[in-house]
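Since the structure of chain A is provided, determine the placement of chain B on it from the hints.
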Amino acid sequence: MRTTAIVTVALIRDTFREAFARKIFWALFALSTALIAFFIFLMRIDVVEGASATVSLFGRTNPRSTDVRRLVDGAYGGIATFLYTWGMLLAVFASAGLIPSVLEPGRIELLLSKPLSRTHILLGRYIGNLLVVALNIVYLVAAVWVIFGIKTGVWGRQFLIAIPTTIFIFAVLLSVVALVGVMFASPAVTTMITVGLMVISPILAQTHTMMRLLSSETARDIWLGFYYALPKVYDLGRLTMDMVTDRTAPDAWMPIWTSAVFGAVVLAAALAVFSRRDF
Amino acid sequence: MSISSEYAIEAERLTKVFRPLFGRQQVRAVDDVCIQVRRGTTFGLLGPNGAGKTTFVKMLLSAVHPSSGGARIFGEDASRPASRRPIGYLPENHRFPTYFTGFGMLDFYAGLSGLDGATRRARIPEVFARVGLDVRWGDMRIGKYSKGMLQRLGLAQALIHAPRLLILDEPTDGVDPVGRREIREILRGLEEQGVTIFLNSHQLAEVELFCEEVAILRKGKVALAGKVRDLTAGKGYRLAAAEMPERLQQDLRGRAAATASRDGALEFQFSTREQANDAVDLLRAAHCEIESLVPTTSTLEEVFVKAVEL
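Chains as they are written, first to last, in the numbering used here: chain A, 148 to 426; chain B, 191 to 500.
Same shape as in the complex, but just chain A (with noise of 0.2 Å):
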């Protein structure tokens, strides 16, 4: 049990090492320092007896007073959706060539030579991909939190929801980049396939509209069939949006479940696979 927990410290350890030599942590980490500067420096609140406020951008001041308990939820929601969209595509990018750098010539045999299984090392730098990028979400979202409960005096706490449901998306999406990196060893290959797993997920989600417009029985049932088995980040990221800015329970956990259980299949799928593999 101790050996264990030392060989996956070890491949954890290994992983934020990498990541900080690539630069991939610190660019994370730069962006989110950026986006926390921006709400720190250039976004100014003037609060007016509690409950309205006006907004100051770059030393220009919008006239209008707004609701401040709307100002926040907006802020919340913009933040949100910056993170599922543009947050999970730079995630993926920085995490792309993390599993397949292990699986070059010359330093896998040296891994698989060691007493640890084939899944603990594709266990290891799994967590240790999404820690790396769970480190950085903890750190916008609690810092944004912070702030705005500092300038505005309103502490949402139903904005830190979008610490475990965009790290619930990440880790999705990071089991089609250990199963694609241990099948073609390629960042490029990983990023297109994942990334292209993000771009169709907000077109499949047009559920409605489709089994409108689709005239066959059969092309709907394809539709609805590709819609239930493939990631919804789409959706997911809808219902974080929901949930921090409505402060609304999710009506529907479809997405979650079927998401997780897609996931959960993906990584397995990767497991076998790179069981298996001659290096």
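Label pairs and their calculated CB-CB ranges:
| # | chain 1 | residue 1 | chain 2 | residue 2 | range |
| --- | --- | --- | --- | --- | --- |
| 1 | B | 375 | A | 163 | 36 to 44 Å |
| 2 | B | 371 | A | 163 | 34 to 42 Å |
| 3 | A | 355 | B | 306 | 54 to 62 Å |
| 4 | B | 285 | A | 419 | 19 to 27 Å |
| 5 | B | 222 | A | 173 | 48 to 56 Å |
| 6 | B | 467 | A | 423 | 48 to 56 Å |
| 7 | B | 285 | A | 233 | 28 to 36 Å |
| 8 | B | 306 | A | 423 | 26 to 34 Å |
Below, computed lysine-lysine pairings styled on DSBU-like, alpha-carbon distance capped at 35 Å:
| # | chain 1 | residue 1 | chain 2 | residue 2 |
| --- | --- | --- | --- | --- |
| 9 | B | 496 | B | 417 |
| 10 | B | 334 | A | 170 |
| 11 | A | 170 | B | 337 |
| 12 | B | 496 | B | 337 |
| 13 | B | 337 | B | 411 |
| 14 | B | 337 | B | 417 |
Selected chain B positions facing chain A (Cβ under 8 Å, derived; list incomplete):
| # | residue |
| --- | --- |
| 15 | 248 |
| 16 | 251 |
| 17 | 253 |
| 18 | 275 |
| 19 | 281 |
| 20 | 287 |
| 21 | 289 |
| 22 | 303 |
| 23 | 304 |
Don't read these hints as lab results, they were simulated from the structure.
Glycine included, C-beta positions come from ideal geometry on N, C-alpha and C.
Same frame as chain A, but now just chain B:
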């Protein structure tokens, strides 16, 4: 074949067939190889390029899955991760990540071998110095290391967890002659401590100097195997015969210095003319066909060339 932990390595009919994704042409990289390496010995695996040496080693480490047959490390199934606990391995074309420092790299691989923090802190500078590296280089990124230094560092990572079996692929590659001698001395010291050393090398002179036993692979098969002393012992005789009864095979194996199988025939290496004549008598008495009887040469290089030429 009896399986016991008297041996550090036991390969039983180990075979690897590579199949292309498209097309039917298969490659038998390793074909029905049986090799036994006793504990505490120094064993050299030789063969020309493409003979299957690296694939054989990778199967011992489970980096390549055998198509058939199996291997055991100190009696444990080689496909199990625990079997690799006593192994220290140095691959030929290693590519250590350049983001590591020397100490950082050793710390990582020691961690993968399950060494705790305190043990790692104590062993890293010790092993670093033991392979002839200046500890002042320990905190330097390995991107700045020369090829010879990287080779020594590779040896250090193989030694960091005090292995009982060292599998080394061209360990002196890129190392200067003085460094080679130093590495040989390190390995000699380990041998004296009872560490089994399995050397995969093209450096025949080095193998001849260092190894007690060798196996020569040719086109994935064992072309010749035996003790270096016997294979290179002055004059000798190689007798090839086919289709002999099992009992006679066992008898001749017991008398011969080395044996090998080639193209359906069995070859026996005898050190003296008397032994060769006795073997001929036995074969004739059993009505077996003798394929050839030839005098053998003396250096390992000559033995190697003859073994792989056919």
